[in-house]
Structure formats: structure tokens, C-alpha cells
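Q: Spelled out from the first residue to the last, the chains are:
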Amino acid sequence: MTHADLAYLCAASALAGLIAYTLLGGADFGGGVWDLLASGPRKSQQRHAVGHAMGPVWEANHIWLIFVLVTLFTCFPQGYSALCVGLFVPLHLILLGIMLRGAAFIFRKYGAAPHHWGKVFGVASIISPVLLGASFGAVTAGGLRVSAAGAVITGSDHVAPWLQLYPLGCGILALSTCAYLAAVYLVVETRGELREDFRRRAIFAGTATAALSAIVLGLAMRDAPWFVRQLLSFPAWPVVVVGLVLFASSAIAVFRRHYVASCACAAAEVAILLVGWGIAHREFLIYPDVQLVPAAAPSATLRFVLWSLPVGLILVLPSMWLLFHTFKREHLH
Amino acid sequence: MDRLAFARAQMGMSLAFHIVFAAIGIALPLAIFVVEGLFLWSGEQHYLRLARRWAKVTGLLFAIGAISGTALSFELGLLWPKYMQVMGAAVGQAFGLEGFAFFIEGIFIGLYLYGWRRLKPVTHWLCAGVIALSGAASGALVLAVNAWMQLPVGFKMDAAGKVISTDPSAIFRTYAWVVMSIHSTLACYEAVPLLMAGIYAMALLKGRRDAYCRSAMLVCMSIGGIAAILQPMSGDAIAKFVYRTQPAKFAAMEAEFETRTHAPMHLGGFPDLKARTDRDSIEIPDLLSFLAAHDFSARVTGLNDIPQALWPNVRVVHWAFDLMAVCGTIIAIATIIFWVEFAVRRQRVFEIRTVLWMLVIVGPLGLVALEAGWFVTELGRQPWIIQGIMLTKDAVTPSAQVPFVFFAFALLYVSLAVIVILLIRRGKYAPGAESVEVLR
Numbered sequence: 001m002t003h004a005d006l007a008y009l010c011a012a013s014a015l016a017g018l019i020a021y022t023l024l025g026g027a028d029f030g031g032g033v034w035d036l037l038a039s040g041p042r043k044s045q046q047r048h049a050v051g052h053a054m055g056p057v058w059e060a061n062h063i064w065l066i067f068v069l070v071t072l073f074t075c076f077p078q079g080y081s082a083l084c085v086g087l088f089v090p091l092h093l094i095l096l097g098i099m100l101r102g103a104a105f106i107f108r109k110y111g112a113a114p115h116h117w118g119k120v121f122g123v124a125s126i127i128s129p130v131l132l133g134a135s136f137g138a139v140t141a142g143g144l145r146v147s148a149a150g151a152v153i154t155g156s157d158h159v160a161p162w163l164q165l166y167p168l169g170c171g172i173l174a175l176s177t178c179a180y181l182a183a184v185y186l187v188v189e190t191r192g193e194l195r196e197d198f199r200r201r202a203i204f205a206g207t208a209t210a211a212l213s214a215i216v217l218g219l220a221m222r223d224a225p226w227f228v229r230q231l232l233s234f235p236a237w238p239v240v241v242v243g244l245v246l247f248a249s250s251a252i253a254v255f256r257r258h259y260v261a262s263c264a265c266a267a268a269e270v271a272i273l274l275v276g277w278g279i280a281h282r283e284f285l286i287y288p289d290v291q292l293v294p295a296a297a298p299s300a301t302l303r304f305v306l307w308s309l310p311v312g313l314i315l316v317l318p319s320m321w322l323l324f325h326t327f328k329r330e331h332l333h
Numbered sequence: 334m335d336r337l338a339f340a341r342a343q344m345g346m347s348l349a350f351h352i353v354f355a356a357i358g359i360a361l362p363l364a365i366f367v368v369e370g371l372f373l374w375s376g377e378q379h380y381l382r383l384a385r386r387w388a389k390v391t392g393l394l395f396a397i398g399a400i401s402g403t404a405l406s407f408e409l410g411l412l413w414p415k416y417m418q419v420m421g422a423a424v425g426q427a428f429g430l431e432g433f434a435f436f437i438e439g440i441f442i443g444l445y446l447y448g449w450r451r452l453k454p455v456t457h458w459l460c461a462g463v464i465a466l467s468g469a470a471s472g473a474l475v476l477a478v479n480a481w482m483q484l485p486v487g488f489k490m491d492a493a494g495k496v497i498s499t500d501p502s503a504i505f506r507t508y509a510w511v512v513m514s515i516h517s518t519l520a521c522y523e524a525v526p527l528l529m530a531g532i533y534a535m536a537l538l539k540g541r542r543d544a545y546c547r548s549a550m551l552v553c554m555s556i557g558g559i560a561a562i563l564q565p566m567s568g569d570a571i572a573k574f575v576y577r578t579q580p581a582k583f584a585a586m587e588a589e590f591e592t593r594t595h596a597p598m599h600l601g602g603f604p605d606l607k608a609r610t611d612r613d614s615i616e617i618p619d620l621l622s623f624l625a626a627h628d629f630s631a632r633v634t635g636l637n638d639i640p641q642a643l644w645p646n647v648r649v650v651h652w653a654f655d656l657m658a659v660c661g662t663i664i665a666i667a668t669i670i671f672w673v674e675f676a677v678r679r680q681r682v683f684e685i686r687t688v689l690w691m692l693v694i695v696g697p698l699g700l701v702a703l704e705a706g707w708f709v710t711e712l713g714r715q716p717w718i719i720q721g722i723m724l725t726k727d728a729v730t731p732s733a734q735v736p737f738v739f740f741a742f743a744l745l746y747v748s749l750a751v752i753v754i755l756l757i758r759r760g761k762y763a764p765g766a767e768s769v770e771v772l773r
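Note that the protein sequences, when read in sequence, are chains P and X. 1 is the number of the first residue of the first sequence in our numbering; add one for each residue after it. 334 is the number of the first residue of the second sequence in our numbering; add one for each residue after it.
With the rest of the complex left out, here is chain P (with noise of 0.2 Å):
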């Protein structure tokens, strides 16, 4: 196997990752929202339905992040240098979110001032998906520039390249998505009118996932021209389509009460779309000075993490199937 076949892997897998951690973590995310828009009579059984379904399988499921960061930095360490070096700020309010995230929920739990750290895990939340969505988009936009003896150059005129408008959009079109991704989640695991709460948040997320997504779309177009082509080009828009009808049928199925129909689409959209999304960003790791082969760390190093991965998924795959088996089993019927 060549070394750009390798390079090419890892990033598939740092990829898989990241989809993995849209589905579960980004979804934790999306309940953090709707715990801080609980409202109506039923407003703390919402919480508890949230809490309810975070409370056993969070910290798995932020684990995905760890495994992309340390995916990143092994198999890509010299574009994930100029990363930490041009986000040095939203990296650390991203981490800032997810700490204050995870701690307010762990000490609303524990029974520490429920209201304020209920507050306080609800905008957390919010930080996280946004900042983090709006990284992706100042790399897809070229906002980052690195010098060829690996530099970075935030800017020319001084203004933070992930405050963007383009970014921005994809910022909130991630939490968007984190939301119906949660809102399509908890109508399975809820019941009675706490389940029609929830689908109604349901309808209303995946309303505004579309609309955010024709408007990224079009920011895109003016500040990301060269993604626009990618992935409308073969052969990445054959999967765009794929994920927009699925999206679609996750829309339908929620309409017609199929939930479990819904969910499951919901969350074939979302990782559907990152799919295509790599396959239009698969030449550069940062737009346009790093491109991703020659980024790569040298080939022993990518085989080792290219092998370690069935060995590690071995273990974890039938240990998380126990998790969810053992959680979540009885809202599938």
C-alpha cells in the first residue's frame, strides 16, 4: 500500500470518528439545548427525559472526540500543528464548553445548585457544537493560511478567521443538527405527551436544519467556491444526494409517527453527509496550504494506527453494543 493510500485511511478513519461523534456526543449536545429550552407544563419532565438519556452513555460517547483529536495528531501531527497554532481560540473555548459541559452535569446530578449548573450545562452545550462547526468551516474556507515552512498566518487583516459569517453559519447549522439529532433521539425514548413535546422540537430543529442548510449553502458558494464544486462534482454528490432524501424520509417519518424509522434516517442523513463532506475536502486537510498526503507522519507510524484500530474496535464495539443493549434496549420496541 502506498503511503497516500495509508494517509488516505487514517483520515477515513479520524472521518468515522467524527461521524460517530456527531451521532452520539453531538446528540448529548443537542439534549443540552433542549434542557435549556425546556418549557411548558412539562418542563422539568423534559430535563429528567434529557438527563435520563445522557446520564449512563455520555462519557462514552465523548470519547469519539479524543479518538479524532489523537487520530489527527498522530497521523497528520503537521496540520494539526498549524490547527492549534491559527484556532488557538475557538480550540480552547470548544474545550472550555465541553469541561463546563460535563461538569455542570455531573454537579446538577450530585445535587450542587441544580438550577444554576442546569444553566450553566445548557449554554455549555451551545459553545461547543457552535465553535466547533464554525473551525470546520474557516479551514474549508481557506481562512487559515500556512507558509511553507509550516507557519501560520491568521489573516491578514487581523480579523479572527473562524468569526466569519461563512463560519459562523456552519456553526449554527451544526447545532441545528445536534439539536434534531437529540429532539429525533428522545421521541423514541419518551412516552405520551412528553413524546409529542418532543417531536414537536423535532419538527421545528429539522425545519431550521434545512433552512440553515440552503443558507450555508449559499454563504458557501461566495466564500468556499472551490468546495461548492467539490461537492457538487462526481463523486461526491451522488452521496449528497443520498443524505438530503434521507433527510427527507427522517422528516416524513416524524410527520407520520414512525420514530424509530425517523431516527434511524436522522442519523443515516448525518453521517451521510460528513461522508460527502470528506469526499469534497479529501485532497486538503487545511484549504488550500496543507493538503493531506504530504501532511501525513511517515508510514510505520500510520500502519501501527492503521492495525491498532480493528484490534482497539474489537474491544470497544461489543462493549458499547453491552452499553446500549443494557440502556436503551426497551425504547426500541
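Hints are all accurate, no fakes.
One-sided excerpt, in silico: chain X residues whose CB lies under 10 Å from chain P:
hint	residue
1	409
2	452
3	752
With a straight-line cut-off of 20 Å between C-alpha atoms, the simulated SDA-like cross-links for lysine to any residue are:
hint	chain 1	residue 1	chain 2	residue 2
4	X	495	P	4
5	X	489	X	502
6	X	726	P	150
7	X	607	X	646
8	X	495	P	289
9	X	607	X	640
10	X	489	P	294
11	P	119	X	744
12	X	726	P	151
13	X	495	P	298
14	X	489	P	149
The hints are simulated quantities; they were obtained by calculation from the structure and are not laboratory data. Beta carbons are placed, not taken as given, at the ideal position from N, Cα and C, and that holds for glycine.
Starting from the known structure of chain P, fit chain X onto it as the hints suggest.
A: Chain X only, in chain P's frame:
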């Protein structure tokens, strides 16, 4: 303070915070595994109550440890981007393996904490075993990266500093990794149960005499005691390794300025960098040479033969080393006293106030030794971030926001620490927490 100082302070603060939770996450599950096993074997309810109480504490502390661990995985790259370019390619895969261990740990923590009712008793107990194993494995794998920073192996760089070829399993074949991971794992098994024994000794002093406290004490003193007796041996092995590979650190540990055979050991004292001597220290002839190579006439390189620019902070490293050694010795002696008393007086040992007070005082020393030992390793490696390859000052981020970030995170860590301590002291949590956490 400049950018480098802030970045170092932030990294040090994050590590000093995380190391406590990491140690608890490694040692407490083992203690839980033991008491829940004792419950299944004997059917005595107080073992079950202990397991549940400790599980609750674990639930809180593991979550905080996972958070502070996440902070570290971000900060390594954010604060030290140049270091990451080399470390990532050369030894990042150790973090990858650690990630899998952490995954297993996180999954089984969820199963354990929420599975009291849903899992069969034996399955539930085995979950604690898996947590204990994966916690220890995860610690040992992280230590591979640390060992690599002390003894960088398995990679080649070109003139521009880019890693061009690697041998990813090289670090796992080094003696350094083996002794360092044994030493630090034992430190966790020593520090945390000792601290718990101190807490239960306090409860006994306050008049609690039930089987709950007594069993807790015995379990903690068994785990902590075994570790405390083994620890000096692993420390000795590390000292020999440091002597061979990091002479500046070894000399700083002992504030030894002169290169000589029959080198004496300096206890305490005030290392005087101008006069190049350890003022007012107690000298034990030949002992340093013996510590270095099990040979009273071994030649030890002094700081005088190392350029001063490459010295670590001699005072801090020397004092931290002495603090660690003294704490370790006190703990080992206290452990022996406790078990001798127990062998003689059996259960009446729990009524001897001097023994109980001894355990209360010795309790926190394990954590003190753990932090001090970590100071020796990391500050002793300075000014290098990767020994002999890259200086810490060359690795730091060019970002101007480092001071802001430092203050924000300092505030965060202080708040987290205060709240965690308050929550644990409160002991019984808010009404309803019980049903959510344990009895579902």
C-alpha cells in the same frame, strides 16, 4: 511572566489537577472490585454499602477526571504545537491505544454506575474489574508518551525537524516505559487507599466502630500497604535508569554539583547555585553512588560538568525528590506499624487512638508523594520538552492569548476543585440523587 511561563504554568496546573483524578480513577475501582467481591462471597451487607458509596464517589470523580483529561489532550497541541509535530508522528499511537483503554473504562463506568438493577450481580462485579484493569492500562499507555519524552526513541528527523521515519513500537520495548509505568501505577495504588484509610481512621476516632468502617480500613490498608512496600523497589529501578540516561536530572535530584566517585546523598539543605553546593544538608557517605548503580564507588556526574543552561530548577527538583522519598518512607513505616498492631491485637487495633491518628496524618502523604514525584520527573527534564531533541521554549505556541487562557483555566480548575470537595464532604447527595444514581 512571559508567554512561555504562562504556557508552562497552564500545562503544569492542568496536569497537577488531572493526576489526582487519574490516580483515583485507577485505584478506587480496584478497591470497589475488592469490596463488591467480598460482598458476593460473604453476603455481608456492609461490603455492599461500601461498594455503593465508593461507586458514587467514583461517578463524580471519574467525570471530572475525564474532563481534565480532555483538557490535556487539547492543551498538548494548543500550547506546544511544535512538540506535537514530533511527538504525534513518533509516539502519538500510544495515545491512540490509551484512547481504546479509556473507551472501555468509560463504557464500563456507565454500565457499573447505572447497572445495579439491570445487570446480574456477578456481571456487575466483573464490570468493576474491567474498569480497574482498563484504568491501569490507560495510565500505563499514557506513561509511554512520558517515557518517550525522557528517552526519545523510534524516529528520525530531517534537517527541518520533520519526522521522516518511525518505529512505532520502539517505546514499548524500552526499560524506561516498564519501570516508569510500574512506579506510577503503584503510586496510585498507594496514594488513594492511604487517603481513604485516613478518612476512615478519622471516622473511627469520632466514635464510629461499625463493620463498615473497619472493613473499609482493612481493604484500603491492604491495597495501599502492598503498594507502599513494593514502591521503594520500583523507585530504585527508576533512579538507576535516570542515572544512566538523564545525568542533569539525577544530579539535580540530589543537588550534587561535583562529579565524583563515592558520591554522598544529600538530605534536604539549600542548594546554592552560586557557591555550587547544597548548604546545610545532611550527607550520607557513598549512598548516592549506591543508589545510582548499586556500587558505592560509582562515578556520579555533577552539575558542574553540565552547562548551566541545561540545568533544571535544582532547588525545586531536589526538594521535590526529598519530599517524595520522605513521604514514601513514612508511609511504608506506618503501614508496617499498622499491620504489626493488627496481627497482635486484631480488631482492638481500631480502638488505639495513636494508630488511628497516625493513619489520619499519613493519609494525604501518598498524594503529596505522587505530586512531588511528578515534579521530579517533569521539572527534572527541563529545559527539554523532549530530552536532548527539543527545548521547551522552542515548542511553545506563538499565540498572544496564552495569559488570558491561563487565568480562565486557573479559575475553572479552582472552582471545580472546590465544588468536588464540597460535594464529597456533603457525602449524602440531594434527595432523589440516590434513586437516579444508584438504586435504579
